[in-house]
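Asks: Spelled out from the first residue to the last, the chains are:
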Amino acid sequence: MSEPVCQCGDVPFRVGRTWNPERIRGDFPVLNQTVRGRPLVYLDNAATSQKPSAVIQAVCAYYGTCNANVHRAFHYLAAEATRRYEEVRRAATTFLGAASPREIVFTRGTTEAINLVAAGWARRHLRPGEAIVVTEMEHHSNLVPWQLAAAATGARLRFVPVTSRGELDLEALDRHLADGAARVVAVTHASNVLGTVNPVAEIARRAHAAGAVCVVDGAQSAPHLPVSVQEIGCDFYACSGHKMYGPTGVGILYGRSALLEETDPLLGGGEMIERVELEYSTWAEIPHRFEAGTPNISAVIGLGTALDYLESLGRPAIAECEGRLTRYALDLLRATPGLRVFGDAPERVGVISFEVEGVHPHDLAQFLDTEGIATRAGHLCCQPLMRRLGVPAVSRASLALYNLPEEMNRLVDAIGRAREYFRRGA
Amino acid sequence: MELDDLYQEVLLDHYRHPRGAAPVSDRELVMEEVNPACGDHLRLAFELRDGHVVQVRHESRGCAISIASASIMAAFVEGRTPAEIRAAADGVIAMMRGESDLPADGPEDLAALAGVRQFPMRIKCATMCWHAMKAALDRQDA
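Taken in order, these protein sequences are the chains called U and E.
Quick note, the first sequence lines up with residues 382 to 807 if you use this note's numbering.
Quick note, the second sequence lines up with residues 5 to 146 if you use this note's numbering.
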């Protein structure tokens, strides 16, 4: 195997530093360990990313210095907790390029965010005979909520197929939009299997031209690409904190304010009301209408620190360095005998699914684990896409900003040993 | 926890050369079992002749453990009675759950699956075919 060449050294930080992989890795304490006697190689970032010390400390600092419920009491701690919580809403507004903090709803994650749109907006607006357009490459979290909405309203689902390159067939999208029946187009920004980055701005434009709203699943794009919901022009955009170096249990739903105003809350209770009578209630203003009960305050505060961390590295720099590492990994994997990479889209993130001849994905993941390499195997919550690819399961390596070319070499070397290992008995 | 405990030579031999593996047509199919969590897929066929299970065939798609387990099962059940097979299935499932030791008169090569018990995520891979076999016998009774 050739020596790794990291080409990231010349990308300037926004804050004037240069990209320093060792320094970045030092920010993530979990990476500094051996697993099964080898330095950990963590390549399951599409499932969840690791957390920098700053995020872990922010969560601790909240509990250690200002733990209180938000938006309620008049005492100092409550005011401080509320201030930090709402500061994150403003940071998220900037991070996603939204027009106003009123358009930022904190949820438990992407799944809850999409369910809020499907149950709160779509069920209220869809009529029998209308259509919801989704795609074959959706994660179950951007498919099942629409199945539920369709069942509840009598709307029909229409599916945009995936081409052999792993891209969406936009001509099929146009056919689905042609009769004007579509009210929703729900699409992932970046595929959690193929890594494909979809042209969501163009899809949003076509959806709007046909009278539909556009819902974008940003779980795999927000951590890796500069995102501006206003530039995309989408109506809703959902992402998860834990996939972008923040804590678990928090996500963001962006919704255009006019659409959030006509969205029903999923949960009723404290904090989401304005006036409560015994027989009826009026709701709080958006976005508080959608945040019933005590929210995951510590996770929101940790997410704020994660957003700061990403901005401090510079999101264009992140995208550029991850892009180089992705190309390096793809070149290595494609040159590996008996290995086939799924998808070949030119616009992509560092999510790479593949199969290895003679080694089932679960057996491969088990083998790689014994060398301290964490990957994912299975249907990846995309059973319809697995059927489209003609496989029951795939292996997946997904990259993050702290991964190194050396780690790609270790992955490929280990895959070679796995092939030998499972050749025993042949 | 050693990988060789999981993937023993005997297990890999069953994986590479599964006993009783053959295409199973829809007409022959007695039981189909899918583990949607991992995509493992088993199609099982056999006949009951004079109170004995014969002509056992399975069409398996899955990991090395699931295929080896189906192979070990197919070799064992051929020519046995449903009662013997049910008892063996219960013994294998209990062993895989760690509730009992390796059964003394259980399927040949079953010891090759003993290492799977150290890998809780993989136990279902080994037991799915036995659950399918029991369900198939129940269906034949019905």
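To be clear, the hints were calculated from the coordinates, so they are not data collected in a lab.
Don't be surprised by glycine CBs; every beta carbon is placed ideally from N, CA and C.
Honestly, I wouldn't trust all of these hints.
So these bits of chain U aren't anywhere near chain E, every CB distance computed over 10 Å [said to hold, decoys possible]: (1) PRO410; (2) ALA454; (3) GLU468; (4) LEU551; (5) LEU606; (6) GLY704; (7) ALA726; (8) PRO773; (9) TYR802.
Covered stretches of chain E, as calculated for chain U (at least 3 residues, CB under 8 Å) [to be verified]: (10) 79-91; (11) 105-111.
Asks: So, for every hint listed, does it hold in this structure?
Replies: Against the structure, the hints:
With a minimum CB-CB distance of about 24 Å to chain E, PRO410 of chain U clears the 10 Å threshold, and the non-interface call stands. For ALA454 of chain U, the shortest C-beta to C-beta distance to chain E comes to about 45 Å, beyond the 10 Å cut-off, and the non-interface label holds. Consistency note on GLU468 of chain U: stated as away from chain E, and its beta-carbon is indeed over 10 Å from all of that chain's, at 40 Å minimum. Chain E leaves LEU551 of chain U outside its interface by the beta-carbon criterion, the shortest separation being 29 Å against a cut-off of 10 Å.
Even its closest Cβ contact with chain E, about 30 Å, leaves LEU606 of chain U beyond 10 Å, as expected for a residue assigned away from the interface. Distance to chain E confirms GLY704 of chain U as a non-interface residue, since its nearest Cβ pair spans about 31 Å, more than 10 Å. With a closest Cβ-Cβ approach of about 24 Å to chain E, ALA726 of chain U is found to remain outside the 10 Å limit, as its non-interface label requires. Distance check on PRO773 of chain U: its Cβ comes as close as 3 Å (rounded) to a Cβ of chain E, failing to clear the 10 Å threshold; non-interface status is violated.
The claim that TYR802 of chain U is not at the interface with chain E is violated, since a C-beta of that chain comes within 10 Å of its own (minimum 7 Å). With 0 residues having a Cβ less than 8 Å from any Cβ of chain U, the stretch 79-91 of chain E misses the three-residue criterion, and the hint is violated. With 0 residues having a beta carbon nearer than 8 Å to a beta carbon of chain U, the stretch 105-111 of chain E misses the requirement of three or more and the stated coverage is violated.
Hints 8, 9, 10 and 11 from the earlier list are contradicted by this structure; the remaining hints agree with it.
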